[in-house]
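*Asks:* If you want the building blocks of each chain, they are given just below.
There are 2 protein chains.
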Amino acid sequence: MTAQLLDGRAAAEAIRTDVAAGVQAFTASHGSAPGLATLLAGDDPGSAWYVRSIGRAAKAAGMAWRDVRLDPAGGDTALRATIDGLSADTTIHGVIVLLPLPAPLSLGVVAERLDPAKDVDGITTASAGRLALGQPGLVPATPLGGIELLKRNGISLAGAEAVVLGRSNIVGKPLALLLLAEHATVTLCHTRTRDLAAVCRRADVLCAAVGRPGLVTADMVKPGAVVLDFGTTPNDAGKLRGDVDFETVHEVAGWLSPVPGGTESVTTAILLRNTLEAANRQVA
Amino acid sequence: MTAQLLDGRAAAEAIRTDVAAGVQAFTASHGSAPGLATLLAGDDPGSAWYVRSIGRAAKAAGMAWRDVRLDPAGGDTALRATIDGLSADTTIHGVIVLLPLPAPLSLGVVAERLDPAKDVDGITTASAGRLALGQPGLVPATPLGGIELLKRNGISLAGAEAVVLGRSNIVGKPLALLLLAEHATVTLCHTRTRDLAAVCRRADVLCAAVGRPGLVTADMVKPGAVVLDFGTTPNDAGKLRGDVDFETVHEVAGWLSPVPGGTESVTTAILLRNTLEAANRQVA
Numbered sequence: 011m012t013a014q015l016l017d018g019r020a021a022a023e024a025i026r027t028d029v030a031a032g033v034q035a036f037t038a039s040h041g042s043a044p045g046l047a048t049l050l051a052g053d054d055p056g057s058a059w060y061v062r063s064i065g066r067a068a069k070a071a072g073m074a075w076r077d078v079r080l081d082p083a084g085g086d087t088a089l090r091a092t093i094d095g096l097s098a099d100t101t102i103h104g105v106i107v108l109l110p111l112p113a114p115l116s117l118g119v120v121a122e123r124l125d126p127a128k129d130v131d132g133i134t135t136a137s138a139g140r141l142a143l144g145q146p147g148l149v150p151a152t153p154l155g156g157i158e159l160l161k162r163n164g165i166s167l168a169g170a171e172a173v174v175l176g177r178s179n180i181v182g183k184p185l186a187l188l189l190l191a192e193h194a195t196v197t198l199c200h201t202r203t204r205d206l207a208a209v210c211r212r213a214d215v216l217c218a219a220v221g222r223p224g225l226v227t228a229d230m231v232k233p234g235a236v237v238l239d240f241g242t243t244p245n246d247a248g249k250l251r252g253d254v255d256f257e258t259v260h261e262v263a264g265w266l267s268p269v270p271g272g273t274e275s276v277t278t279a280i281l282l283r284n285t286l287e288a289a290n291r292q293v294a
Numbered sequence: 011m012t013a014q015l016l017d018g019r020a021a022a023e024a025i026r027t028d029v030a031a032g033v034q035a036f037t038a039s040h041g042s043a044p045g046l047a048t049l050l051a052g053d054d055p056g057s058a059w060y061v062r063s064i065g066r067a068a069k070a071a072g073m074a075w076r077d078v079r080l081d082p083a084g085g086d087t088a089l090r091a092t093i094d095g096l097s098a099d100t101t102i103h104g105v106i107v108l109l110p111l112p113a114p115l116s117l118g119v120v121a122e123r124l125d126p127a128k129d130v131d132g133i134t135t136a137s138a139g140r141l142a143l144g145q146p147g148l149v150p151a152t153p154l155g156g157i158e159l160l161k162r163n164g165i166s167l168a169g170a171e172a173v174v175l176g177r178s179n180i181v182g183k184p185l186a187l188l189l190l191a192e193h194a195t196v197t198l199c200h201t202r203t204r205d206l207a208a209v210c211r212r213a214d215v216l217c218a219a220v221g222r223p224g225l226v227t228a229d230m231v232k233p234g235a236v237v238l239d240f241g242t243t244p245n246d247a248g249k250l251r252g253d254v255d256f257e258t259v260h261e262v263a264g265w266l267s268p269v270p271g272g273t274e275s276v277t278t279a280i281l282l283r284n285t286l287e288a289a290n291r292q293v294a
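Going line by line, the protein sequences match chains A and B.
Per this note's numbering, residue 11 is the first one in the first sequence, and the count goes up by one each step.
Per this note's numbering, residue 11 is the first one in the second sequence, and the count goes up by one each step.
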């Protein structure tokens, strides 16, 4: 048996096409494009690369992109002023803050002050609360992209046993809540889980989001299971490595998302879709 | 084998004693007692009984209790004014809103507007977000009381397989997040779960919070497991019935919380403890 691939690039392409059409309609109706701001504090090269990539995608979709940079030396006072300014700016409908913030900046400033209506990567306390309570709100793009990848491949989640490895605020926990909202029976595993392999083997849908290349091996996968890989650890050559040992798991799983070209390919498209949705709600 | 009882009344008594000492210290230091407001909209007899019970417990602990009533006919406008008034009132440190709110009142008014610093039953969006993100905040009293009951009986959660039945915003989901924070491997089950008995039998710690009397039977319990019962369904005689079939499960489980006298006995004590903690933070 060989797994079918969960093709993130194809899903992203389809989402971007939909978003571009929506952006065109928004712009025709409101006389200006949806505005997306990225906020990069400091000069981390990986974050700078990601910012350019988001900017290119936003412009390709017809959005207005603002590339906001912040000197971390200004501290939380400057961060607060920047966040408050973006929250108040009616030409900006979505804000993406590159994480992690360098010292001495506090994530709490963003989590508590960014207007949740513009929180297109779902990192505010308000967005997390709405997701936890099942209320409408903006959801972190990476886990939402994973769910989208499953849906676009016709994979049903209701009643399925889903196992999530990793309990980060940005992938593991929101992913568990999204799977729960799709009526999966959800188990959250982490470094303290006993007999991780046995827990993983129960999964109809196995989601790995821990950042340990090759952690998930074939013996941890139920034959025919759906395996979503959220790992994106760069190796020495700069190539992304997933959490799943692709070569062996590919022989066991029913569906498998590759790295690169899997879940991480969908993230930016979902950020744009979240921005379009946010813009449409803000002008409604 | 016969289960040891998880005695909610004893735990509540111990918590109330600690709280009373803390209230005395607060009052000596600040010249006035911590203030707790209950807000009851409408005239549901169960809620009215619960309000009186909270008020008695608050006064017994030395707190100042305000019994706020609201005519639902005033709608969300009146609810908003009441919530904003309590949020602004410096003599009130904790606010408990009796749920469910009768029509036409919206829970969203409370969830979005009540000052999270005073949200001693953890029902606001901000409190839910903080719990989900692992930030300090106030946590719903019933699930927090369940964790407290385990801890006071020396039951270790790190690495344990915990299974939660029920995904309500007030018990199931916050309980899952609390168990996760204690480093349990957590599975959330619900009406769409396939083979519920098999999932439950995996549990080292089984938590039932669904409101279906007698749902959990002995065949669903691993011998020696810890079983926490959050069910409080009144029968025709007005007696509370738990989700666990006590007679049979008692022969299989290692620990079992009775109903009444289990988790529900701890809730009010935790509400008072949350209020004391909120008061201490508000004057800090």
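Just so you know, the hints here were simulated from the structure itself, not pulled from any lab data.
It cannot be assumed that every hint is accurate.
[Unchecked claim] Chain B side only, calculated, beta carbon under 10 angstroms to chain A, not exhaustive:
#, residue
1, Thr-12
2, Gln-14
3, Leu-15
4, Gly-139
5, Ile-165
6, Ala-168
7, Thr-197
8, Thr-243
9, Asn-245
The beta-carbon is built from N, C-alpha and C at its ideal position, and this holds for glycine as well.
*Asks:* A separate judgement is required for each hint: does it hold in the structure or not?
*Replies:* Here's how the hints hold up against the structure:
1. Violation of the interface hint for Thr-12 of chain B is found here, the shortest Cβ-Cβ separation to chain A being roughly 27 angstroms, above the 10 angstroms cut-off.
2. Among the interface hints, the one on Gln-14 of chain B is violated; its C-beta lies about 23 angstroms from the nearest C-beta in chain A, farther than the 10 angstroms criterion.
3. The criterion of a C-beta within 10 angstroms of any C-beta in chain A is not met by Leu-15 of chain B, whose closest approach is roughly 27 angstroms, and the hint is violated.
4. The closest approach between the C-beta of Gly-139 of chain B and any C-beta of chain A is roughly 3 angstroms, which is under the 10 angstroms cut-off, so the hint is satisfied.
5. A cut of 10 angstroms between beta carbons decides the hint on Ile-165 of chain B: the least distance to chain A is about 16 angstroms, and the hint is violated.
6. Here the hint on Ala-168 of chain B is kept, as its CB sits about 6 angstroms from the closest CB of chain A, short of 10 angstroms.
7. Interface restraint check: Thr-197 of chain B against chain A, minimum CB-CB distance 4 angstroms, threshold 10 angstroms, status holds.
8. The restraint placing Thr-243 of chain B at the interface with chain A is violated, with a minimum CB-CB distance near 23 angstroms, outside the 10 angstroms limit.
9. Below 10 angstroms, beta-carbon pairs count as interface contacts, and Asn-245 of chain B has none with chain A, the closest being about 30 angstroms; its hint is therefore violated.
When held up to the earlier numbered hints, the structure conflicts with 1, 2, 3, 5, 8, 9 and fits the remainder.
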